[in-house]
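> Letter by letter, the chains look like this.
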Amino acid sequence: MPPSSDLLQGTLDLLILQTLVMGPMHGWGVAQRIQQVSMDVLQIGQGSLYPALYRLEYKGWIRSDWGNSENNRRAKFYRLTAAGRKQLESELDTWDRLSTAIALVLGRLPEVSA
Amino acid sequence: MDEELQFHMEQATQSYLTAGMTAEEARRRALVDFGGVERTREQYYQQRPGWWMNTVLQDIRYALRGLRRNPAFAVTAIATLALGIGATTAVFSVVDRILFRSLPYAQSERLVSVGLVAPIIPQEFMLGGSYYDWRDSQKPFSAFTSETGVNPCTLTEHNPARLNCASVEQSFLPTMGIIPLLGRNFLPEEDRPNGPKVALISYGLWGGHYAGDASIVNRLIDIDGKQVRVIGVLPKDFEMPTLEAADVVIPQALDEGAQRKAMPGAVMYAFARLKPGVSIALAEAELQPVFNYSLSLTPPGFRKDVHLRVRSLRDRQIHDVRLVAWILFSAVLAVLLIACANVMSLLMARAAARDRELAMRSALGASRGRLARQMLTETLLLSVAGAAAGYLLAEMLLRIFVTIAPAGIPFLDHAQLDVRIILFTLLLSLLCGIFFGVSPALHKPRITALMGRSIGSGRHAILRRALVVGQIAVSLVLLAGAGLLLRSFRNLEQEDIGLHTQGVLAAHIALPHYRYDTPEKRMEFFLQAEAAMRRLPGVLKVGISDSLPPGAVSSDWIYNNIAVEGEQRSTNGTGGTVAYSWVTPDYFSTLDIPILRGQVFTEVERTSSEHLLILSSLLSSRLFGNQDPVGKEVQLAPNTPWYTVAAVVADVKNAGLTGEDKPEFYRLRRNLPEEWTADSTMVLKSSLSPAAAALWMRSQIAQIDPTVPVEVETLSQSVSKLADRPRFETALLGFFALSGLLMAIIGLYGVISYLVAQRTREIGVRMALGATRLDILGLVAGEGVRMIVLGGAIGLVAAVAASRLLRSMLFNVGPHDTGTYATAMLLLALIALAATLIPARTAMRVEPVVALREE
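Note that the protein sequences, when read in sequence, are chains W and F. Residue numbering for the first sequence is 4 to 117, as defined by the working numbering. Residue numbering for the second sequence is 541 to 1395, as defined by the working numbering.
It should be emphasised that the hints constitute simulated quantities derived from the structure, not laboratory data. Bear in mind the structure is a predicted one, so any value in this text is a computation, not a measurement. All clues stand as given, with none of them false.
Below 25 Å or equal to it, Euclidean Cα-Cα: the simulated DMTMM-like pairs (lysine to aspartate or glutamate) are:
no., chain 1, residue 1, chain 2, residue 2
1, F, 1261, F, 1035
2, F, 1261, F, 784
3, F, 1172, F, 1215
4, W, 62, F, 543
5, F, 1061, F, 762
6, F, 844, F, 1201
7, F, 776, F, 855
8, F, 1172, F, 1143
9, F, 1261, F, 1096
10, W, 62, F, 578
11, W, 62, F, 582
12, W, 62, F, 542
Covered stretches of chain W (chain F as the covering partner; in silico rule of three or more C-beta atoms under 8 Å from a C-beta of chain F):
no., region
13, 25-31
14, 41-54
15, 57-70
16, 73-87
If we take Cβ atoms under 8 Å as the criterion, some of the chain F residues that face chain W in the derived model are:
no., residue
17, 544
18, 545
19, 547
20, 548
21, 550
22, 551
23, 573
24, 576
25, 579
26, 580
27, 583
28, 584
29, 588
Ideal placement from N, C-alpha and C gives every residue a C-beta, glycine not left out.
Working from the sequences, and respecting the hints, build out all of it.
Quick look at the structure:
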């Protein structure tokens, strides 16, 4: 189980924002989702998750409300804000460029003319 | 937030349950996956924007709690710092006024004082005959101006007031860059001999006498019996470049044409503004031709002793105080260093004691940075508290300084704690805080500290010992300096001044010029006063002179002007100066000045037409060698009457307490008006108490003329006033030396007692193994003695080097006077030894059993 602190802080933000695109979710739900979609590779412990969530909230990219979970327990639900959506787009852009660049250098992608 | 985490936990547990684990197992796995809750909480807080501030506040609260728990430490540290910072601030504010303050003129660093230096007048001056030539043909200055001194004048209104009037040239204010607060500067036509009478008044006079009334401009006021128009008010910070107090400024109204032709003309003080890019050396070089030309016009005999001098205005103002100021400042910095070393030592001891706590905090996750920051916060708190206390102390000290300070030190009465000084204090305290905060902050808590045994950290012990050695050395330097000054001061006090002060009163009388404008009126006043004094029963002798020894203010005569009967005058330079005075016959017997040869003036001779002269012993030997001069003829200046020498009297100190005696001659004040000056001193020897006699004198003078100001004091008081300056310097340096010594001793005591506390177990073991109490005493005292000896040796070397600076302030004592050094070292050694012995006694009393059990 790779330790979740390996993930760069910014990347974690990106994952969370992307996960929230589909709708409001509570913290546990976000962690589960990321774990599922990444096929158990990325397991985010609450030690990284919640600080990241609060950071994003302070930056104004997500919003939190208290609500009821599936099993009728009180939980905090997070959702994207408009600013968050814009941030997500720009970060996705950056990520695409970055990962393509790294792949090129590592020889994983055939060189293509721009 | 807890609720959220709680929810997360429950969900995790749930998912494990559904995966098939038992409830307990599920919960355990969930907890394991969860990780540290506290850590999460902390990180949550860290994400908040204001988190950093919170930790600072936390640090401060913690530091305050720690200080409250150790009041002894806190009080000692703050008190030490307060003393060091307070003393430094007080001295700095004084020294700042003297050395660093900005002069109240535009671009004051470009202003210089220009003139001739001759033996007669201490500061450089100019003469009317040559001034105008210089002014017109000089090159290096963009402006050249003059003033002719400050003289007493009287404001004759319903409240007559004695004022000081400064006479200046029309260009004076523009050259110095002074702009009147109200009104305007003089016009050229007002600076002429019979020009319209105008004046500028000072801010103080305007506020005090005219209640700040803005309509003062163009009002007529009465000065010395004449109507003068006020054309303006001077700014609040106005002062004359010669630092003389001036209430009114009037045009000097010299007749330029007459002055040019006069030889030598009026005495003036010239000031100039250097052109941009011109240095003082260059200005002096460029003035040399003009100077040489003026010199060629003076009689050859005088040329040798006259030099050109150009120097900055600041130099002119402070030249004899500069050394004292620097010495004071260094002394107080030394005290500050000792104080800081003490606090540093205290902090290090405390840090070592807190080892355990720090190790615990480190184990709990505090980074080194956090620990260091906490220590620094503590030291900064201490230094700020110390600075606040120090500031209050400085206020007090400054007030004391100003009260005990003699009149001679400039600006002292204006020294106050202003914003600059406050900033200086804060800066000082911050520096101190960082200086001794660094060492404890770098202290790395070791894991062994958690085990509870406090081991004396080797590195720190050496540093503390080094600090104490340094403190002792610096204390020795201060002690030696203070001792030298004290010795010099005692020599001064015991010096024989050549006259008896017992039972003698002196009354300084300055007759107002406008009421006593003829010599006849002056003589009449003094003869009346003399007769009135004699009438008092109990009055033994009354004498009148125009100056009083041993004051340094005396009229000066040029030696080479004096010719002896039958001999030629020497033409070699001026031969130095000779003091002279006009006296009445009883002067010598009033002051008990011994008569060596011949007979002093008698009452009869006051009405005679003979010219009689009395020489001092020094003058007699210079003029006549071993011959008996009584009866010989002497001419005081070319083309003046010949005087017969009537007697030779013993030398009297006439150049201040420390100056070398000048040769002196006395002329009899006969009943001829020309021989009476407006300023005189009456000396009275009586068997009455000084208070009664003073009262009588004042009332008698008031009966003759109530508007004449009289200052009466006993002769001992006048003489003692001259010792004011050395007394002040000695007192200050003594204060610093004692406080430095006190703090060094406290430091020594602290280190030794800490050592004893640290080594209690070791002492217990030693005693159990057979060491006697005396051995333990030797052990502990040995530590102290080592430090004292080392500190003493370093201090001695430093003191010898530093005391060379004091040479000019010492009287009859060499800077390397062995007696003083020996005493200082002995004193230091004794007190330091005593400080060592107290903890040593505690060590001796250690019970081995108790010590061995102690952890």
